[in-house]
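Trainee: Sequence:
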Amino acid sequence: MKKTILTLSVFCAMLFANLQSQAGDITIQSSIVIAVPATISNEWSRADNGAWAGDMNEKSYWYKLDKDKKLWWSLNKGKDWAHVQNQMWADKDGHWLKIVNKNLVWSTDMGKTWSTVPDWTWQGSDGKWYKFDKDWSVWVK
Numbered sequence: 001m002k003k004t005i006l007t008l009s010v011f012c013a014m015l016f017a018n019l020q021s022q023a024g025d026i027t028i029q030s031s032i033v034i035a036v037p038a039t040i041s042n043e044w045s046r047a048d049n050g051a052w053a054g055d056m057n058e059k060s061y062w063y064k065l066d067k068d069k070k071l072w073w074s075l076n077k078g079k080d081w082a083h084v085q086n087q088m089w090a091d092k093d094g095h096w097l098k099i100v101n102k103n104l105v106w107s108t109d110m111g112k113t114w115s116t117v118p119d120w121t122w123q124g125s126d127g128k129w130y131k132f133d134k135d136w137s138v139w140v141k
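Under this note's numbering, the first residue of the sequence shown carries the number 1, and numbering increases by one thereafter.
Since the hints were derived computationally from the structure, they do not count as laboratory data.
The C-beta atom is built at its ideal place from N, Cα and C for all residues, glycine as well.
Here are the computed lysine-lysine pairs in the DSS-like style, where the Cα-Cα straight-line distance is at most 25 Å:
id, residue 1, residue 2
1, K59, K92
2, K112, K102
3, K112, K131
4, K59, K141
5, K77, K64
6, K67, K131
7, K67, K77
8, K98, K112
9, K59, K70
10, K59, K112
11, K98, K64
Derived CB-CB ranges, DEER-like:
id, residue 1, residue 2, range
12, K92, S45, 15 to 25 Å
13, N42, K79, 28 to 38 Å
14, G127, G78, 15 to 25 Å
15, D109, K79, 28 to 38 Å
16, S60, Q85, 13 to 23 Å
17, Q123, G78, 17 to 27 Å
18, T113, D80, 26 to 36 Å
My request is simple: use the sequences and hints to build the entire structure.
Mentor: Right under this line is the structure:
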């Protein structure tokens, strides 16, 4: 897919340049620069160490679940972990998230009401998208 997009981009640029050169009296001096990201991916992959980025009380943390689905956090990118007493974290938009009765829920009103997170997907404070699968493994995109 990546090669196809790059090849198509280069082909279109060459075709455009060729059409311009055949236009007769028109003289165009320009350079065509095609910026292609190093990777073009819309695919999910397992998160490193099962951790994700989040915020709580205006601090950035890394979070992970243990085998009992209890939440842990780290202020130093996973070197040291501590149990999260309230079992909650916040996403990029400030939703509070937590696991309740084997379901991922969030609140937009500081915990007054809770609803199921669609597709168990949220955006971390680092701008990446995260999700849990049915086995509570963390995936990132």
